[in-house]
Amino acid sequence: MKVYLLCLGLFCIGLYCILRKRNIIKIILGFIIAEYAVNLFFILAAYRMEGRSPIFAPDAKIVNMVDALPQALVLTAIAIGLANVALLISIALRIYDKYGTFDITKIRELRG
Amino acid sequence: MMQIYLLLGAMIVVAILAVELKDLLSSIVALGAVGLLLCIAFITLKAPDVAITQLVVEILCLIILIRATLKRDLPFSTTGRWFLNTLIAVIFISVFLLVAAKCLKDLPQFGYPIMRVAGTYLKEGMTKTGAANIVSSIELDYRAYDTLGEATVLFATVIGILAIVRKSGVKKEGEEDSEENE
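Line by line, the protein sequences give chains A and B.
Heads up, the first sequence is in the numbering used here, so the first residue is 1 and it goes up one at a time.
Heads up, the second sequence is in the numbering used here, so the first residue is 1 and it goes up one at a time.
What you were told as hints is all true, and nothing was included just to trick you.
No farther apart than 27 angstroms at their CA atoms in a straight line, the calculated lysine-lysine pairs in the DSSO-like style are these: (1) A/K98 to B/K71; (2) B/K128 to A/K61; (3) B/K71 to B/K167.
If you are wondering where the hints come from, they were derived from the structure by calculation, not from laboratory data.
On a predicted model such as this, the values are computed, not experimentally measured, just so you know.
Could you build the full structure based on these sequences and the hints that come with them?
Below, the structure is given as structure tokens:
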């Protein structure tokens with residue numbers, strides 16, 4: 001249970017960064033930290049005491065494997081997270097080209 | 001068990017560093033350290049496939065972020081409604097933590113997951129799909145539509161990035177709308 005709370009603490013650091021920081025790159029960093037925390041939470045929920053990784057061996061009988069389903073889902077989520085970050089960075093670069101700053105308080109007028 | 005606590009503590013410390021450092025490049029390097037610690041945590045939690053993917057994605061992410069911030073660093077400004085912003089952020093986070101702590105009570109205890117679906121996969125995956133690695137047999141056989149959707153999302157993202165960063169077709173200053181060359 002304490003492990004889950006630590007993981008939530010990591011998520012909250014990302015959330016604080018998203019809510020509080022003004023630099024767009026810092027906001028993207030907070031987004032990435034929150035995403036890491038969620039991935040870690042899934043893997044933590046899949047862990048089994050004294051478990052083995054879910055790979056069979058031809059010559060040994062492996063029992064007590066960890067939960068394989070969240071691992072497969074997180075594998076998908078990590079790749080999509082990279083795509084998210086690339087899209088966010090390209091939008092941030094476009095904003096920098098247009099306004100010459102990463103500071104979100106300086107981006108006021110919508111010059112469409 | 002102890003390693004997981006240590007890794008999580010180190011991740012939290014480095015994440016606070018990444019958030020609070022003034023220099024953007026240093027923050028990004030600290031974020032890379034968080035990602036690599038996460039990779040070690042995945043290996044400790046017996047998820048080698050996820051750890052490999054995380055390593056590759058982390059390095060790609062670092063390259064993209066460094067490319068974005070190179071020669072674009074700017075000083076940190078602290079003007080504005082500092083107190084109000086911090087108060088709103090803290091209230092939001094504490095409400096989130098309260099709700100989350102309430103929900104965490106309903107989860108199964110750490111280390112003893114309910115494996116109703118995955119138990120079937122672990123029992124029958126080897127004979128039905130012929131893959132020794134159960135994660136890849138779930139990813140590419142039982143839940144192949146999921147992977148197809150992931151590939152669709154990736155291609156949609158590539159199209160979106162190309163549409164955002166292209167130079168031609170972008171309206172110049174004071175020019176009329178010209179949408180016909182899309």
